[in-house]
Amino acid sequence: MSTEGGAPPFSSADVRRQDAAPGPLPNPPPQAGEGYVAGSIDADLIARRSRTVRRRRLVIYALRVLFAVFWLGSWELSTRLNWVDPFFVGQPSGVITRLWTWITEGTALGPLWFQAAVTMEEAVLGFLVGSGLGIVFGILLGRIELLAEVLSPFIKAANAIPRVVLGSLFAIMFGLSVWGKASTAVVLVFFVVFFNAFQGVREVDRNLVANARILGADNRRLTTEIIIPSAMSWILASLHISFGLAIVGAVVGELFGATAGLGQLIYNAGHTFDVNGVFAGMFVLAVLALIAEGLISALENRLIKWRPSRVSGEVPI
Amino acid sequence: MAGAAIELRAVTKRFATPNGGIYTALHDLTMEVAPGEFCAVVGPTGCGKSTTLALISGLERPSAGEVAVMGKPVNGIPDGIGYVFQTDAVFPWKSVLENVAAGPRYRGTPGGEARAQAREWISRVGLAGFEDRYPYQLSGGMRKRVGLAQSLINGPRILLMDEPFSALDVQTRTLMENELLTLWSSTSASVVFVTHDLEEAIALADRVFLLTAGPGTVKGTFEVDLPRPRNVAEIRFQPRFAQIYEAIWNQLRDEVLVSYERQKHASAV
Chain A
199 MSTEGGAPPF
209 SSADVRRQDA
219 APGPLPNPPP
229 QAGEGYVAGS
239 IDADLIARRS
249 RTVRRRRLVI
259 YALRVLFAVF
269 WLGSWELSTR
279 LNWVDPFFVG
289 QPSGVITRLW
299 TWITEGTALG
309 PLWFQAAVTM
319 EEAVLGFLVG
329 SGLGIVFGIL
339 LGRIELLAEV
349 LSPFIKAANA
359 IPRVVLGSLF
369 AIMFGLSVWG
379 KASTAVVLVF
389 FVVFFNAFQG
399 VREVDRNLVA
409 NARILGADNR
419 RLTTEIIIPS
429 AMSWILASLH
439 ISFGLAIVGA
449 VVGELFGATA
459 GLGQLIYNAG
469 HTFDVNGVFA
479 GMFVLAVLAL
489 IAEGLISALE
499 NRLIKWRPSR
509 VSGEVPI
Chain B
410 MAGAAIELRA
420 VTKRFATPNG
430 GIYTALHDLT
440 MEVAPGEFCA
450 VVGPTGCGKS
460 TTLALISGLE
470 RPSAGEVAVM
480 GKPVNGIPDG
490 IGYVFQTDAV
500 FPWKSVLENV
510 AAGPRYRGTP
520 GGEARAQARE
530 WISRVGLAGF
540 EDRYPYQLSG
550 GMRKRVGLAQ
560 SLINGPRILL
570 MDEPFSALDV
580 QTRTLMENEL
590 LTLWSSTSAS
600 VVFVTHDLEE
610 AIALADRVFL
620 LTAGPGTVKG
630 TFEVDLPRPR
640 NVAEIRFQPR
650 FAQIYEAIWN
660 QLRDEVLVSY
670 ERQKHASAV
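If you're matching them up, the sequences are chains A and B in order. Letter by letter, the first sequence follows residues 199 to 515 in the working numbering. Letter by letter, the second sequence follows residues 410 to 678 in the working numbering.
Don't read these hints as lab results, they were simulated from the structure. From the three backbone atoms N, C-alpha and C, an ideal C-beta is built for every residue, glycine too. Treat the hints loosely; a few may be bogus.
As the list claims (entries may be wrong) - Coverage of chain B stretches by chain A, computed from C-beta distances (three or more under 8 Å per stretch; other residues unrestricted):
{"#": "1", "stretch": "484–491"}
{"#": "2", "stretch": "571–585"}
Said to hold, decoys possible - Computed far set for chain B versus chain A, every beta-carbon distance over 12 Å:
{"#": "3", "residue": "T439"}
{"#": "4", "residue": "E441"}
{"#": "5", "residue": "A443"}
{"#": "6", "residue": "A473"}
{"#": "7", "residue": "I562"}
{"#": "8", "residue": "S594"}
{"#": "9", "residue": "Q647"}
{"#": "10", "residue": "D663"}
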């Protein structure tokens, strides 16, 4: 691997970015001062437009429900008619019954909320530590060229390891404590956030940097007022994927040694051939992950209010 | 000339190209700008106009020759420099008010006072009422006004402008050119205004520098003895304007042809 000729030490292939970059947008929003006052004809058009939008949203919700009914219904039906054996593939009604027993009577490992809390504690700790380290190292290496060139082969090598296997190592190092699992989450989260923060720093508009320097910004101001805000949209984009990875880390960590947690619960269910229990555990994990995703989106919207909000449900009249 | 605001003496600037070659942007360029003078720099595409500004601002260092601003050799960004960029360089995550207040804050003015100054400049460039907007909520012309206020608030003695209005539509552009002249007349700043538009150069400047096709060097300088205050929209109809235009164009035409031939060859390779 060579990093000569000013090539960045990390290629863009290292970066997983799912969000749009700030900058020129394909559909600029109506610009202030260029709008016009809506007359009566416009009022009519606007009313028609909002009706169209509402109708479209209803259709989409209806289709979603229809899809879920078809999917779960065909699963339930095929197992009831014994086309496939519910012992191997589970059964929606069985999953719901299992969930209900877990909620009302608790699981084999104790109350359900406690399992969820244990896993969430591990995932949140891993997420916070991993993304914190990722942001700090990403910005440091992005700003200090020498550091990036010296460390890049080590970071690439570390990134190439299938990191979940480190879970067994952490189980030895930290035993059954929360850090055994959180550490697995940390190593999964760190690299994703690190590469995004690094790339975000590298992609800062050179014009903005030049402008800030001319206006009198010193290096510290440049970092806090230009580099970090600019890299923030990259970093926040990576946080969306990261929380999912933190949950993966926590669950995998629990497989290597735990007394409680949703991962342990799923593992137990698998060992007792309780397929419905595995699905029920997955369902709880999915719900928690979706809630976390919602929280991160809310954080993103708060932090990046300078970016035009994406127009959803845009429908031609 | 003693006491020149800007001096470039036998300046050469080379860049390393990505494929290992060397590209000479400027070759043996000498120019001087007097305090309070409005200079325009014109030349064909790729003749190193922008590089000239980068050298004066200290963003780039010359490969050979000397650059001095206010009699002092340029080493880092000189005091009293303002720079209006070709593309948008306002900070998208800052409101109009924070964008304009950035300069004074970076230079150590307390936040409250910086914002008070910023409000004044925002109304001076005609954006009163837009203090809390973000750049994405503004039109291109309005963003340019923010950029102007952002530079002028620092009271620059030298204002560098790199094709600042090239992205604007013709009407907005004429409007902005007039406003620039009004704002400039209330300061004592020297201006170096880079443009590829000869009409714009003559309408605005006291003196026009014509650069050769790259590597750029000064081919000629032309005094623009049109009276001030000027109205950019109407000054084009004066016979003197046409004379000056013709004189410069006669020389610029050859350079444009050279530059055009080169581009054709470059794209044919």
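- [ ] Can you take a look at whether the stretch 484–491 of chain B is actually covered by chain A? Rule is 3+ residues, C-beta closer than 8 Å.
- [x] holds (count 3)
Open item on the list: Using Cβ atoms and 12 Å as the threshold, tell me whether B/D663 really stays out of contact range of chain A.
Closed with: Nearest chain A Cβ is 32 Å from B/D663, so the label holds.
Task: Consistency of the no-contact label for B/E441, given chain A and a CB cut of 12 Å - done: holds (22 Å)
TODO: Compute the least Cβ-Cβ separation between B/Q647 and chain A, then decide whether it is above 12 Å.
DONE: Per Cβ check, B/Q647 is outside 12 Å of chain A; nearest 33 Å; holds.
- [ ] Check the non-interface label on B/S594: least C-beta distance to chain A beyond 12 Å or not.
- [x] holds (23 Å)
Task: Assertion that B/I562 lies farther than 12 Å from chain A (Cβ) - done: Not fine: 9 Å to the nearest Cβ puts B/I562 too close to chain A.
TODO: Could you let me know if the closest chain A CB is still more than 12 Å away from the CB of B/T439?
DONE: holds (24 Å)
TODO: Examine the stretch 571–585 of chain B: at least three residues should have C-beta closer than 8 Å to a C-beta of chain A.
DONE: The restraint on the stretch 571–585 of chain B is violated, since only 0 of its residues have a Cβ under 8 Å from chain A and three are required.
Open item on the list: Please check whether the beta-carbon of B/A443 is more than 12 Å away from every beta-carbon in chain A.
Closed with: holds (22 Å)
Task: Interface-negative label, B/A473 against chain A, beta-carbon threshold 12 Å - done: holds (23 Å)
Going down the numbered hints, you'll see the structure goes against 2, 7, while the others check out.
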